[in-house]
Amino acid sequence: MRALTWHGKHDMRVDTVPDPEIVNPRDIVIKVTSTAICGSDLHAYDGMIPTFQAGDVLGHEFMGIVEEVGPGVKGKPGAPKKGDRVIVPFTIACGSCFFCEKTLFSCCDNSNPAPNQDIADALLGFSPAGLFGYSHMLGGYAGGQAEYARVPFGDVGPQIIPDGVDDDKVLFLTDILPTGWMAAENAQIEPGDTVAVWGCGPVGLFAVQSAFLMGAAEVIAIDHYPHRLELAARFGAKTLNFHEVKVREALTEMTGGRGPDSVIDAVGMEAHGFSPDNLLDFVTQELKLGNTERPHALREAILAVRKGGTVSVPGVYGGFGQNIPLGAIVNKGLTLKSGQTHVQRYTAKLLEMILEGTIDTTFLISHRMSLEDGPKGYKGFKSEQDKYTKVVLKPR
Amino acid sequence: MWVLERVAALRAREDRVGPAAARGFGVFSLGLGLAELLAPGALKGALGLRHPSDEVVRAAYGAREFGVGAALLAQPHRPEWMWARVAGDALDIATLIAGDRSDNPKRTTLRSALAGMLAITAADVALALRLSRPDPATGLFGRELPGVARVRGAAGMMGEHLTKKLHLTKKAHLTKKAHLAKKVLPAAVLLARRARLNDKRVLAGGGAALVLGAAAVTLAVLNAKKTKGGTSDMPQKGAIERAVTVNMPRQALYAQWRDFARAPRWMEIVESVSETGEGHHWVVRGPGDKRIEYDTVITEDRPGEVLAWESVKGATVRSTNRLEFRDAPGGRGTEIHATMTYHPPGGPLGKVAALVTQKAPELQVRRDLRRFKQLMETGEIATTEGPGAAPSGRDKVKQ
Ligand SMILES: NC(=O)c1ccc[n+]([C@@H]2O[C@H](COP(=O)([O-])OP(=O)(O)OC[C@H]3O[C@@H](n4cnc5c(N)ncnc54)[C@H](O)[C@@H]3O)[C@@H](O)[C@H]2O)c1
Ligand SMILES: [Zn+2]
Ligand SMILES: [Zn+2]
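Protein chains in written order, with the working numbering: chain C, 168 to 563; chain H, 1084 to 1482.
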């Protein structure tokens, strides 16, 4: 089959690779009909995520038609059958361990193979769930930017999509929609709150929508791309362009000197901007001097949030950052919540909201391309972010 | 790129940053040193490095990083300390190169580390050079700055190029090491020539290295005395202890283990286990996939609580194994505490062979326990091995 593979920093290729197979009883194989490029994929594209290997198939936002089901899935009530259309959560979860029982699906104990867990143990203390196409530390699974994909625990993760609903409408259930939703949930929003969101990429934009749905009176969206800010404004957010204003001053001003009740970092480890802290991060990150992150947005968010407020971090960080304002966390009495999204917790509910028309998803897609043009998609999504808000790839 | 322009702008001011940078490197050293001292195993485990006296070596490395870091912090102007760092870097690189074997499953990680290490070394060398030569006219450090930038850039590129090469080539690793030497040596010689150290400095550096070495050994000995694990009621000398919690009742888990013939399902190196009448006959794959066979007898058997077995007298492998099944607090299932000792055939050499081929018991026990847990909790064992389980561009198909 054809698949989009990672060969190093800024080197994506389309290779012909072996077809995936049913290996474990609870596997299913799906024929991919749509797959998207995620901001997380860009971290990998930039060579920022450790333990990728040349040839790895990328992609963790994908959906398609069930081609084959393993003996452990066949005939199980509610489990997908051959021919069903499904979306696949990017977090691989067994459904029966301590963590899955607590719906902490991205912390599943059993989806990362034992040898790969050793790597995660060393870097993170304990191994989280395996993810599709997202490094060997997180399982070494092949991703879904391909014609076919093997999906472990096919009876737990995939959500069946009713006939007649367009791929474009439901594809983002795989990751960024639940991620934006969980980001807002983690922000512990109370009715009347003001929420500030750093980053108007797909995750930030869904966080903006979700925050309003959860009762925020005001949402302030921060980025430097006019078109992305405009999209946030379309959902009712006030916007700040960090190239034009000093973000912290502006936020304090806009909230009558109180500061936002909750802040969301939807930027992650590769913040943009010329602030001195970001430049220092850039140099030490590039030279690998003990620093793997550029957490400028997180720093700003921690300082901007009101006393006793909540900091929600959907943005991805991979290793060790420097100069986090710990004093502000302690002395302002902040709550910090984060995590890879527990996608399985939200898919059914969010699917319903999409079908009811409560949540808009298709506004995001700026580019549709064939899988063969995948490398171009990466390049555009990386370097022309104002034009490229989301790239959807179609195999074949 | 915009950031590079900014960096270039910053460089204008860098004439005075020599000592400040050295202090920065010092902090970094301290951090790394502490990490190596306090989290033994973590760093090396991540890289798939193994060594018969891992404890000691690791602690020594930690102490070395730590010592140099402290010295640099105290005296950022003294080039000796920077040179001591460079020497330490060389040691790290040597260790990493030694771990660069085809059987090392974490080879990629290791190689990224190697590339990182080469870059760091270059930076260190550059700084050391700069500190070694203050401008005679102004007395300021940093006359070497453009040179530093060049050396750093070149080394960075070399690292990048090297890793790329290493990833792609499938030549024997000896050839790779030769390649590496070919590339690194001329650079090192060049750097050394440019350094033109005088005798005083060499002496001072040597002295410092000695003092640090002594400190390292002391700390290593202290650290090696710490016991690992410490959860078992019956600690044994040289025993490996690992624990896992399984979301199931004790009896069911015990029953699975008690049926020894099932063991190959989750014990990676075990090929088969059969009943012998008095006990069991084990066939395992040792280093070099050599088959090793030995017999064991059950020494303790309390259903749902304890299962222990050991090799019979005169067996090729001497091993003792004990599993304790305890209720996890708060109804969280069962804790399995495994304690084992394992002496493969061939004495100390056999042990080294086992370590070198990742058939080391400490690795195996943890992985086997996890595989067992996965099998019990999900009915299968997670895997991404083989092209069917995880297709990749490494297994190209003819078009
Ligand atoms: N937790 C999860 O499970 C999960 C899932 C998906 C994505 N993510 C992460 O969320 C983050 C965002 O993902 P995305 O798909 O929206 O990516 P994206 O790259 O499209 O968006 C990031 C946005 O942040 C903006 N930005 C950069 N620096 C900024 C700054 N200093 N202040 C304000 N805005 C800034 C960029 O201009 C861009 O619009 C990434 O780190 C991604 O890895 C996490
Ligand atoms: Zn994603
Ligand atoms: Zn689980």
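It is worth saying that the hints were derived from the structure and are not from the lab. You may find that some hints are simply not true.
Claimed, not checked - Label pairs and their calculated CB-CB ranges:
(1) H/Val1389 - C/Glu268: 54 to 62 Å
(2) H/Arg1184 - C/Arg180: 49 to 57 Å
(3) C/Lys198 - H/Gly1387: 25 to 33 Å
(4) C/Met520 - H/Ser1355: 21 to 29 Å
(5) C/Glu268 - H/Glu1358: 49 to 57 Å
(6) H/Gly1397 - C/Glu268: 33 to 41 Å
(7) C/Ile327 - H/Ser1355: 39 to 47 Å
Stated by the list, open to error - Listed below are the simulated EDC-like cross-link pairs for lysine to aspartate or glutamate, each with C-alpha atoms no more than 20 Å apart in a straight line:
(8) C/Lys516 - C/Asp334
(9) C/Lys243 - H/Glu1351
(10) C/Lys249 - C/Asp178
(11) C/Lys198 - C/Asp213
(12) C/Lys269 - H/Glu1351
(13) C/Lys455 - H/Asp1172
(14) H/Lys1373 - H/Asp1342
(15) C/Lys561 - C/Glu234
(16) C/Lys543 - C/Asp178
(17) C/Lys241 - H/Glu1351
(18) C/Lys561 - C/Asp330
(19) C/Lys554 - C/Glu420
To be verified - Which stretches of chain H does chain C cover? Using the computed rule of at least three CB atoms under 8 Å from a CB of chain C, they are:
(20) 1198-1204
(21) 1359-1370
(22) 1459-1465
By construction, the Cβ of each residue, glycine as well, lies at the ideal position given by its N, Cα and C atoms.
Next item on the list: Taking the numbered hints from earlier one at a time, note which ones the structure violates and give those numbers from smallest to largest.
Entry: Going through the list in order, the structure violates hints 1, 2, 3, 4, 5, 6, 9, 10, 11, 12, 14, 17, 19, 21 and respects the others.
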